[in-house]
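**Q** For this one, chain E is given, so just place chains F, P and L on it according to the hints.
Residue numbers (my numbering), protein chains in the order written: chain E, 1393 to 1625; chain F, 1393 to 1625; chain P, 1393 to 1625; chain L, 1393 to 1625.
Calculated from the structure, these hints are not laboratory results. Check the hints yourself; a few may be wrong.
Same chains, same label: a pair holds when it works inside one copy or across any pair of copies.
[Stated by the list, open to error] Cut-off 30 Å, straight-line C-alpha distance, at most; resulting in silico cross-link-like pairs (DSS-like, lysine-lysine):
id, residue 1, residue 2
1, Lys1473, Lys1577
2, Lys1473, Lys1460
3, Lys1577, Lys1460
4, Lys1561, Lys1460
5, Lys1577, Lys1561
6, Lys1523, Lys1473
7, Lys1460, Lys1523
4 protein chains.
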Amino acid sequence: MHDTLRNLSHLPARQAISRLCRLFWEQGWASGTGGGIAVREGHTLLMAPSGIEKENVRPEDIFEVDMKGCVTLAPLTPGLKLTACAPLFLAAFRHRQAGAVLHSHSLDIVLAAMTVPAGEPLRLTRLEMMKGLEGVGYFDVHEIPVIDNTALEHELEERVEQAILAFPKANAVIVRNHGVYIWGKSAIHAKTQAECLDWLCRAVVRMNASGISHLTHDRSQPDLPQRALAVIS
Amino acid sequence: MHDTLRNLSHLPARQAISRLCRLFWEQGWASGTGGGIAVREGHTLLMAPSGIEKENVRPEDIFEVDMKGCVTLAPLTPGLKLTACAPLFLAAFRHRQAGAVLHSHSLDIVLAAMTVPAGEPLRLTRLEMMKGLEGVGYFDVHEIPVIDNTALEHELEERVEQAILAFPKANAVIVRNHGVYIWGKSAIHAKTQAECLDWLCRAVVRMNASGISHLTHDRSQPDLPQRALAVIS
Amino acid sequence: MHDTLRNLSHLPARQAISRLCRLFWEQGWASGTGGGIAVREGHTLLMAPSGIEKENVRPEDIFEVDMKGCVTLAPLTPGLKLTACAPLFLAAFRHRQAGAVLHSHSLDIVLAAMTVPAGEPLRLTRLEMMKGLEGVGYFDVHEIPVIDNTALEHELEERVEQAILAFPKANAVIVRNHGVYIWGKSAIHAKTQAECLDWLCRAVVRMNASGISHLTHDRSQPDLPQRALAVIS
Amino acid sequence: MHDTLRNLSHLPARQAISRLCRLFWEQGWASGTGGGIAVREGHTLLMAPSGIEKENVRPEDIFEVDMKGCVTLAPLTPGLKLTACAPLFLAAFRHRQAGAVLHSHSLDIVLAAMTVPAGEPLRLTRLEMMKGLEGVGYFDVHEIPVIDNTALEHELEERVEQAILAFPKANAVIVRNHGVYIWGKSAIHAKTQAECLDWLCRAVVRMNASGISHLTHDRSQPDLPQRALAVIS
Chain E
1393 MHDTLRNLSH
1403 LPARQAISRL
1413 CRLFWEQGWA
1423 SGTGGGIAVR
1433 EGHTLLMAPS
1443 GIEKENVRPE
1453 DIFEVDMKGC
1463 VTLAPLTPGL
1473 KLTACAPLFL
1483 AAFRHRQAGA
1493 VLHSHSLDIV
1503 LAAMTVPAGE
1513 PLRLTRLEMM
1523 KGLEGVGYFD
1533 VHEIPVIDNT
1543 ALEHELEERV
1553 EQAILAFPKA
1563 NAVIVRNHGV
1573 YIWGKSAIHA
1583 KTQAECLDWL
1593 CRAVVRMNAS
1603 GISHLTHDRS
1613 QPDLPQRALA
1623 VIS
Chain F
1393 MHDTLRNLSH
1403 LPARQAISRL
1413 CRLFWEQGWA
1423 SGTGGGIAVR
1433 EGHTLLMAPS
1443 GIEKENVRPE
1453 DIFEVDMKGC
1463 VTLAPLTPGL
1473 KLTACAPLFL
1483 AAFRHRQAGA
1493 VLHSHSLDIV
1503 LAAMTVPAGE
1513 PLRLTRLEMM
1523 KGLEGVGYFD
1533 VHEIPVIDNT
1543 ALEHELEERV
1553 EQAILAFPKA
1563 NAVIVRNHGV
1573 YIWGKSAIHA
1583 KTQAECLDWL
1593 CRAVVRMNAS
1603 GISHLTHDRS
1613 QPDLPQRALA
1623 VIS
Chain P
1393 MHDTLRNLSH
1403 LPARQAISRL
1413 CRLFWEQGWA
1423 SGTGGGIAVR
1433 EGHTLLMAPS
1443 GIEKENVRPE
1453 DIFEVDMKGC
1463 VTLAPLTPGL
1473 KLTACAPLFL
1483 AAFRHRQAGA
1493 VLHSHSLDIV
1503 LAAMTVPAGE
1513 PLRLTRLEMM
1523 KGLEGVGYFD
1533 VHEIPVIDNT
1543 ALEHELEERV
1553 EQAILAFPKA
1563 NAVIVRNHGV
1573 YIWGKSAIHA
1583 KTQAECLDWL
1593 CRAVVRMNAS
1603 GISHLTHDRS
1613 QPDLPQRALA
1623 VIS
Chain L
1393 MHDTLRNLSH
1403 LPARQAISRL
1413 CRLFWEQGWA
1423 SGTGGGIAVR
1433 EGHTLLMAPS
1443 GIEKENVRPE
1453 DIFEVDMKGC
1463 VTLAPLTPGL
1473 KLTACAPLFL
1483 AAFRHRQAGA
1493 VLHSHSLDIV
1503 LAAMTVPAGE
1513 PLRLTRLEMM
1523 KGLEGVGYFD
1533 VHEIPVIDNT
1543 ALEHELEERV
1553 EQAILAFPKA
1563 NAVIVRNHGV
1573 YIWGKSAIHA
1583 KTQAECLDWL
1593 CRAVVRMNAS
1603 GISHLTHDRS
1613 QPDLPQRALA
1623 VIS
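The shape of chain E in the complex, shown without the other chains:
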């Protein structure tokens, strides 16, 4: 694994996508042929293809798309399709000036979202790993939107866009029973954001499974907002 990631930040976007796809499959975030990655280079968006196992995406298998969503360069490899995530990736590129957007099927994120009541966001507070998320502090109550799934991926577009606009501090949108869209300033930044959110959701799920809460014995600041107490309990 180490060789695949050494100097990721210095790689051309096509190679970075290829290596991140493999990493994502190794993490269990891209089982089957799921998951997706898009990286922006200027006004060009490079996107991993659909219909292929993600640990096997080569630099020459990448699609190039403009900021309107039109394919400007398709790979010659037969059988590859533009990912159905394309319009969803575009929403984050347009509204958030993202440098890279990831779509992961992380089971921990999917399970954590199952504990969130309909219409509510996932609320995280008082977990140090939150500081790995862009602009978030330890005592914040950080909200990540959770939207309902649809039969077809492209039908999610409007919901994802609304969630992005409604939660300007979040850099992720969780799709219930499905996965997550998460973005950052660059490929490597989006990757670290995904790792942090995964750790946090794994914590939420494992606390549930063990019947423990990180708030029970925490005395670090007595004026904890009540709604934060609802995160795990």
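**A** Just chains F, P and L now, with coordinates in the frame of chain E:
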């Protein structure tokens, strides 16, 4: 791991089997000397041997079998036996025109099947990863047969065949307290099917362990069939 | 990992021990500097050293010991000690004609043994993976002794020996809150035995965590012995 | 992984830090850009940088710091910052003559500490893996301090120092909802300490999740101190 899988779809069947066996062992699906893989090339079936640790199967260790189940070419390596799964693999090749059949001892699939009442199939609904299974949609209630185990593997033949015929939409048969037979159009397709089913069963088991359900807060479509509600609860 | 295991069965014992130590550490069975491996070549026992991280044992770090437990060849590497497991390994070599004995700190095996009442063995039944254990069938009720731990490893000797004699069908002795001794005809056979027992114990523990049992919906044979029903419930 | 660790104890400190950082990321202890490592060479402290993914730290990216905490040599790589853990690392170097100090975000350690009442230490007893911790025996009741987290890492300094002085037998300080500082005589010794504590905390958490305790059926010594019984229950 990446090197072993690069261009798997372009590998000759013997090499693909060798690499998939290793991958399966790495996933925990072929502990001890368990698990098995068969790939069809025209009318010839290539099968990983029994009696050997699966991460150590070489291309020259593979058996060749005809569509009647007769060995047409045995490996020269001493100590190898034709897998006892051979008649079960044949059932999927004959009745479903499978290109490859896998037998995995995935603990998550075994545990998920333990939650299924006797005589019932495993029912899956409203999990995006279902769309990775051939011909299955998000709102479907997808049924995968669960049959009881027998003392000897070859005694399973009739039960597997009946299950295949009774559940024409499923591309897998789960054997209670044992493992799963799962197939696809090719080696790589069978692998992606196995990964998706594994993710789905891991979700079922972890929801059980956490006392949560993916249906509790889901509002995406109100007319959810009642029987689907029985999947997890 | 694949390279380290290819043709393990054809490796000289010193190299096989080195590679198995690394594999065991990767599996989490030899955290810190724990765990141990001994392989017999004729009347010579080759043992991995103590006091060194197990993923870093080289062929020249191995001790040679005779069947009376006397060191006949010590490695030149400074700082290495003969493992405190040596007398326990000897018990299996003497009473069972083992070709290799492993000592693992597998957490799943330790947790599974916690569910076993004091003075009782771990009983396993109706899990296909049991067939990976030497001489065990699916409908058997297979008993593996569980003994209490002691302050010092060498004090376990008498208890391990008694357990070996009292449970002639088992090829493992579990030490409560500690780990397991497990043996086989060769290094590779001992490894497959350890993998199978690990799978089985992981199943027991995860069934406990999920509140499910493999016996609840199993109809494969109605005359299940009552004591078997006590395994999980 | 094996190549990265072979002969770690013989590596220069800068290379050892680079390889341990990668190992830590692979273990899930350094998700995002979290975690940290400091190794002492005489009176010079070498520290992995902040603001970079840990699996990608090169020997030339390391900071050199004196025992007063002043940077004596900064890496030329742009964008790197001295870790905010520096004053916390210093506390262990000064008060305990540590050869290496690690900061891990191990989820198992964080979860185990959640079960500890406010103001109490984590108490461990009767788990063989405790013997992997420096100076600890099987029947000891070993106490590891748990302190509350702060908004900024450097604000932890006083609390960490107090905990180090109050618990002279412990070689770790757990920070609630955050992670752990753990040290040893050398880089490799600190690594084995971290592995052992991780195993122990994983045991505590998984016992909680399964509703089992390692003390329930343990008869090895009847005069078990009562406070030890409170560890898991």
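**Q** Hint by hint, say whether it matches the structure.
**A** Each hint, compared with the structure:
no.: 1; hint: Lys1473 with Lys1577; result: both (26 Å within a copy, 19 Å between copies)
no.: 2; hint: Lys1473 with Lys1460; result: within (18 Å within a copy, 38 Å between copies)
no.: 3; hint: Lys1577 with Lys1460; result: within (20 Å within a copy, 36 Å between copies)
no.: 4; hint: Lys1561 with Lys1460; result: within (25 Å within a copy, 39 Å between copies)
no.: 5; hint: Lys1577 with Lys1561; result: within (14 Å within a copy, 44 Å between copies)
no.: 6; hint: Lys1523 with Lys1473; result: between (37 Å within a copy, 16 Å between copies)
no.: 7; hint: Lys1460 with Lys1523; result: between (33 Å within a copy, 27 Å between copies)
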